[in-house]
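Student: Please take these sequences and the hints and turn them into a complete structure.
Per the numbering used here: the sequence shown = residues 171 to 457.
Since the hints were derived computationally from the structure, they do not count as laboratory data.
It is possible that some hints are incorrect.
[What the hints assert, rightly or not] FRET-style restraints, in silico, Cβ to Cβ:
{"hint": "1", "residue 1": "ASP290", "residue 2": "ILE246", "range": "29 to 37 angstroms"}
{"hint": "2", "residue 1": "PRO288", "residue 2": "VAL250", "range": "15 to 23 angstroms"}
{"hint": "3", "residue 1": "ARG301", "residue 2": "ARG280", "range": "13 to 21 angstroms"}
All figures in this text were calculated on a predicted structure; none of them were measured in a lab.
Each residue gets a CB set at the ideal place from its N, CA and C atoms; glycine is no exception.
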Amino acid sequence: MKTSSTDLAWGPPAGAIDATAPAHQAKGRHALRLVCKIGTLHGRRISLLLLLALAAVGITSALAFDPQQAEQELIILTNVDRTSNGVPALVPDQALEDVARFRSEDMVTRNYFSHLIPPDGHQVFDILKQRGINYLRAGENLARNNSPDHITVQTVEQAFMNSPRHRAILLCPDYTNLGTGVAEGAEGLKVYTVLFTQVSSEAPATATPTATPTPEPIPTSPPSAVTTPEDQVASASPTPAPTATAASIPSPTPTPWPTRVELSPARSIGLIQQIVRRILSLFLNLG
171 MKTSSTDLAW GPPAGAIDAT APAHQAKGRH ALRLVCKIGT LHGRRISLLL LLALAAVGIT
231 SALAFDPQQA EQELIILTNV DRTSNGVPAL VPDQALEDVA RFRSEDMVTR NYFSHLIPPD
291 GHQVFDILKQ RGINYLRAGE NLARNNSPDH ITVQTVEQAF MNSPRHRAIL LCPDYTNLGT
351 GVAEGAEGLK VYTVLFTQVS SEAPATATPT ATPTPEPIPT SPPSAVTTPE DQVASASPTP
411 APTATAASIP SPTPTPWPTR VELSPARSIG LIQQIVRRIL SLFLNLG
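Tutor: As structure tokens, then:
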């Protein structure tokens, strides 16, 4: 029976904790229940409409996981949480998105999960510098899970918001831009990278990150498919030789992880609406 694992990785050079959570129920086919009260229409017409509606749901259920759609969903959830907490929304940045996507794909391809990039242990701030991306301050949040496709992004966002350190980065009012990157590996494992920057109009600042790990907390009574994030923060100033710090989450009193809230896939909504419109049009023509 397939289980949903919990992978925990804190700031370098700390270790990692791997655990398993109760098995998820296998993905079943979505069912659409329609209650129709239609005057004098023949049963054959109603049956046709029902079949078309069920076919529409079946098509959307068969859609494969779309990393780019997940990236857009994560941007939306991030800005919803920021604005809900009185913090300005962030501007999607294509340059940051490219770096974030590279980070996630690289971790999947080379099977690692860390702010330290093998083989020499450089960090994302070095990549930003190499690509000429200017910033006064930068941060990186990492997460991975093997949650079902329709809740994986929401699970990541909930984990970020329920982790004090990640929440602080996500809601930092100084940040102005963000980029998200998602990649899918074997057995449904999804890796997420979120990059935040405070943009600067001045010359690019040089960041030389140093790791400052702290003991990792172990939450009690984790639910199934809990996303475990990792974070990293860099600060740069206009003055010469700025420094960046990579910090891990402190050790608060362990609290249970949040309960998952299951939603239908965001990418399916547009297709369902189109099909439903076609069904209604057909229905009106038949009438």
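Student: Does each hint hold? Answer for all of them.
Tutor: Now for the hints, and whether the structure bears them out:
Checking the proposed 29 to 37 angstroms range against ASP290 and ILE246 shows it holds: the Cβ atoms sit about 36 angstroms from each other. Evaluation of the 15 to 23 angstroms hint for PRO288 and VAL250 yields a failure: the beta carbon distance comes to about 35 angstroms. Restraint check, ARG301 to ARG280: a C-beta distance of roughly 20 angstroms satisfies the suggested window 13 to 21 angstroms.
Consistency note: the structure conflicts with earlier hint 2 alone.
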